[in-house]
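Undergrad: Sequence:
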Amino acid sequence: MVKKIEKDVARFREIVKGAIRKDLRKYITRGELIGRKGREIVSIPVPQIEIPRFRFGERQMGGVGQGEGDEGTPIAVDPSGEGTGEAGDQPGEHVREVEITLEELAEILGEELELPRIQPKGKSEIVTEKNRYSAIRRTGPESLRHFRRTFREALKRQVSAQNYDYDNPVIVPIREDVRYKSWKETHLPETNAVVFYIMDVSGSMGDEQKELVRIESFWIDTWLRANYQGVQTRYIVHDAVAHEVDRETFFHLRESGGTIISSAYKLSAKILEKDYPSEDWNIYFFQFSDGDNWGEMDNKECLRMLQEELLPRSNLFGYGQVRSAYGSG
Numbered sequence: 010m011v012k013k014i015e016k017d018v019a020r021f022r023e024i025v026k027g028a029i030r031k032d033l034r035k036y037i038t039r040g041e042l043i044g045r046k047g048r049e050i051v052s053i054p055v056p057q058i059e060i061p062r063f064r065f066g067e068r069q070m071g072g073v074g075q076g077e078g079d080e081g082t083p084i085a086v087d088p089s090g091e092g093t094g095e096a097g098d099q100p101g102e103h104v105r106e107v108e109i110t111l112e113e114l115a116e117i118l119g120e121e122l123e124l125p126r127i128q129p130k131g132k133s134e135i136v137t138e139k140n141r142y143s144a145i146r147r148t149g150p151e152s153l154r155h156f157r158r159t160f161r162e163a164l165k166r167q168v169s170a171q172n173y174d175y176d177n178p179v180i181v182p183i184r185e186d187v188r189y190k191s192w193k194e195t196h197l198p199e200t201n202a203v204v205f206y207i208m209d210v211s212g213s214m215g216d217e218q219k220e221l222v223r224i225e226s227f228w229i230d231t232w233l234r235a236n237y238q239g240v241q242t243r244y245i246v247h248d249a250v251a252h253e254v255d256r257e258t259f260f261h262l263r264e265s266g267g268t269i270i271s272s273a274y275k276l277s278a279k280i281l282e283k284d285y286p287s288e289d290w291n292i293y294f295f296q297f298s299d300g301d302n303w304g305e306m307d308n309k310e311c312l313r314m315l316q317e318e319l320l321p322r323s324n325l326f327g328y329g330q331v332r333s334a335y336g337s338g
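Per my numbering, the sequence shown starts with residue 10, numbered consecutively.
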């Protein structure tokens, strides 16, 4: 019975995930999710799952319950449903709020976009220590008693002592038979990866454009944190001058000013040189801008830095451009 219930629960969760996939675009554009952490629970509205049922036509002879009918004619019409008019006594369509973690939502996003796995790289991979209940002990709290192993030990004892009755197979564990679950420390390798988020916060980027950038950056960041342990993130904002900020500031900062994109590239190159040798790290860039920049000279400087300093070190350099009334987007 327990296995049947677990199977049904797993199937229901797959149905819910399918409903979420259908409206995935709507959920990932909800700005109120920005700033939440991966394991926080969010409520996703999912339409009520309709249980199949027979709908009977009017009581008449012949046909399919409501006359002969023509091809394409509905067999029955549900009297309930949408419409206008006076108050009725039929139930309406309900929407169920399903609780799901941001990590699960990010996992669905990754499956839909078929995002690639980060490849192991570098000589000094990060290693973490985690405790898992994969060992057995003779002592422990009753809440961790391992019933199967206890039964097995009792059976072995009775068989070896020739006390086991095959006609009346009753197993009675004694104190020496009891076994308990115990944790064992395991070492898990993690991938060396760093992700740079670069955002233009200049005056040509309006609030709507900045909000779009923050939403996209947030979901990239959430997906990476859900799938990869040990991923480091660096957040850079710039107008005419670039600054490194923390995650909270990146998603909530409001600024204005001119635009010199090369300032962000120079700061990124400086951080790479100091902290992230390309032979040891997977390096990813995600830059967001409205395409506006101050002067042709800085455009040339940006191109030079990309070709000579950033792209040769990067696994991926992603650029997202938003439409702006003032910028080139």
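These aren't lab readings, by the way, just hints derived from the structure by calculation. From a predicted model like this one, the values you see are computed outputs, not experimental measurements. Fair warning: there could be bad hints in the mix.
Claimed, not checked - With a cut-off of at most 25 Å between alpha-carbon atoms, the simulated PhoX-like pairs for lysine-lysine come out as follows:
| id | residue 1 | residue 2 |
| --- | --- | --- |
| 1 | K165 | K190 |
| 2 | K309 | K275 |
| 3 | K309 | K279 |
Undergrad: Next step is simple, just say for each hint if it's right about the structure.
TA: Each hint, compared with the structure:
no.	hint	in the structure
1	K165 - K190	19 Å, holds
2	K309 - K275	13 Å, holds
3	K309 - K279	19 Å, holds
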